[in-house]
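S.K.: As given, the protein sequences belong to chains A and B, one line each in that order.
Taking the working numbering, the leading residue of the first sequence gets 1, the next gets one more, and so forth.
Taking the working numbering, the leading residue of the second sequence gets 1, the next gets one more, and so forth.
Where hints are given, some of them may not hold.
Computed footprint of chain B on chain A, listed as stretches where at least three residues anywhere in the stretch have a Cβ under 8 Å from a Cβ of chain B [claimed, not checked]:
1. 35-46
2. 83-95
Have a look at the derived ranges for each label pair, beta carbon to beta carbon [claimed, not checked]:
3. B:Glu106 <-> A:Gly125: 48 to 54 Å
4. B:His62 <-> A:Glu206: 23 to 29 Å
5. B:His208 <-> A:Glu34: 30 to 36 Å
6. B:Glu36 <-> A:Ala61: 15 to 21 Å
Some chain A residues flagged as far from chain B (calculated, every beta-carbon gap over 12 Å) [claimed, not checked]:
7. Cys30
8. Gly147
9. Pro156
10. Glu167
11. Pro171
Note that these hints are calculated values from the structure, not bench results.
Cβ atoms here follow ideal geometry from the backbone N, Cα and C, with glycine treated the same way.
Residue strings, one per chain:
Number of protein chains: 2
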Amino acid sequence: MIPIAHIHTDFDSKFGIPRQSGLVPALEGCIIFEPEFRVADALRGLDGFSHLWLIWDFSEAHRAEWSPTVRPPRLGGNTRMGVFATRSPFRPNPIGLSCVEISRIELFSANGPVIYVRGADLMNGTPIYDIKPYLPLTDSHPEARSGFARQTASRPDLVVHFSADVERLFPPEKLETLRQVLAQDPRPQYQRDDTRIYGMNFSGKELHFSVCDGEMNVFP
Amino acid sequence: MIPIAHIHTDFDSKFGIPRQSGLVPALEGCIIFEPEFRVADALRGLDGFSHLWLIWDFSEAHRAEWSPTVRPPRLGGNTRMGVFATRSPFRPNPIGLSCVEISRIELFSANGPVIYVRGADLMNGTPIYDIKPYLPLTDSHPEARSGFARQTASRPDLVVHFSADVERLFPPEKLETLRQVLAQDPRPQYQRDDTRIYGMNFSGKELHFSVCDGEMNVFP
C-alpha cells in the first residue's frame, strides 16, 4: 500500500473536522497525485460521476495495539462500542472511507491532474490510497438501519457570530464555509464547557471561540 | 495492513462472481476473523446496523506495474477508461470496497465471532482489511450520477434451466441462489459465444453451461 495522492484541506489539525464526510458540503478539498501517478488518462471517464469514494490513511491515528472497543464522541465519550460498529480512526488497519462530491477536475495543472472535491472530512495532507467512482446502484441504501449512529444526528446547529477581525481574515465564501463547520459544534460532546475558550486552526489561521446557550462567538 | 478476517463464499474462482456487491442478494458469505481478532466485544453495537462496508484485498489481482487505463467488461472489453473511474481490481493499491447486508451475527461460535452477510461479490478466502458500519446519512446518495456505469445496468436476465443432475447437487435455496447468479450471465461481455460450453465452480461443485437465445442450460 503506497499513497497515490494527498488531499489538501482547510484543517491543519484534527479539531474542527466534521465527524463524517458530506456534513459540510461547502468544504472544498483538492487531491494532488504523487508524481508517479500524475497521468491524466487515469481519470478518463471520471467526469461522468458526481461522487467519489476516497480510501485513505488515518495517518494521525497509528497505534501499535488495537482495542476491541472505542468510545464514540457522539455518544458522550463514556459508552464503549465495538470498533467494527464505528467509523473510529483507531482500528486494526487505520483506513478511512469517505464519500465526497466532485466539484471539478483539472486534467493538466502544474501539479498534473487535480480533483477538487466537496464535503471532505480529512486533515490537510492526508495520504490517499485509492479513489473509486460512487455507484448508486450498489452503494446507495437510503433504507439502511444505522443503529446508535442515527440517534444523535439531529442536534440543532449553533448560531455563529464572527468578530470584525475574523471577518477580515477570510473571503466571503470561506467565511460561510467556516460558519457551517462551527455551527456543527466542533467540541467533543464530553468536553462542552461553556466557560472555556477553545482554539482551532482553519485554512491556515488561528481562531478562538466560546459557546453560550447555543450561540458561538468567534475571534482571532 | 494485515488481514483481520477472511470471507467464505460459494466462489472458489473468479468466474461467476457478480460484478458488484448486492446484485445477487441471496448470495451468503461468512466472515471469520483471524485468531488475534476473535473478540466478541469488537462487534458490540453492530446488530443495530443493516449494512456493512468491507474493505478487502483483491488478492488475485496483484501486479507489479499499474496501468492508467483499464477495459471494463461491461463496456465490451474494447473501451479504455481511467482506472480511478472504474472499480476494476487492477489498480495501484489493489483494495476492494463492497457494501453487503448483515444476515446474522454469531458472537460465540467455535471460530469466535462470525458475521453472515448477503450480496458479497468476493471470492472464497478473500482477506478482509476492515469492516465498517454503513451510515445512510453520509454513504447513501441515490441521486449520484454514475457516468458510463449506468448505461449497462439493465440487461434482461437469462432464463436458466438446470438438468436433473444439477438439481440433485444442491439444496433448494442454494439452487435458487445459483439461478440468480447465472441469470446475470457470468460470461465476459466480449466472450459471449453461443456455440461454446463454459465451465465454472459454485459452492465446491464443477458445473457447465451453454447459452442460446437468452436461455441457459446447466449440467454437471
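S.K.: It remains to establish, for every hint, whether it holds in the given structure.
M.R.: Here is how each hint holds up against the structure:
{"no.": "1", "hint": "35-46", "verdict": "holds (count 8)"}
{"no.": "2", "hint": "83-95", "verdict": "holds (count 9)"}
{"no.": "3", "hint": "B:Glu106 <-> A:Gly125: 48 to 54 Å", "verdict": "violated (41 Å)"}
{"no.": "4", "hint": "B:His62 <-> A:Glu206: 23 to 29 Å", "verdict": "violated (45 Å)"}
{"no.": "5", "hint": "B:His208 <-> A:Glu34: 30 to 36 Å", "verdict": "violated (46 Å)"}
{"no.": "6", "hint": "B:Glu36 <-> A:Ala61: 15 to 21 Å", "verdict": "holds (19 Å)"}
{"no.": "7", "hint": "Cys30", "verdict": "holds (15 Å)"}
{"no.": "8", "hint": "Gly147", "verdict": "violated (2 Å)"}
{"no.": "9", "hint": "Pro156", "verdict": "holds (16 Å)"}
{"no.": "10", "hint": "Glu167", "verdict": "holds (30 Å)"}
{"no.": "11", "hint": "Pro171", "verdict": "holds (27 Å)"}
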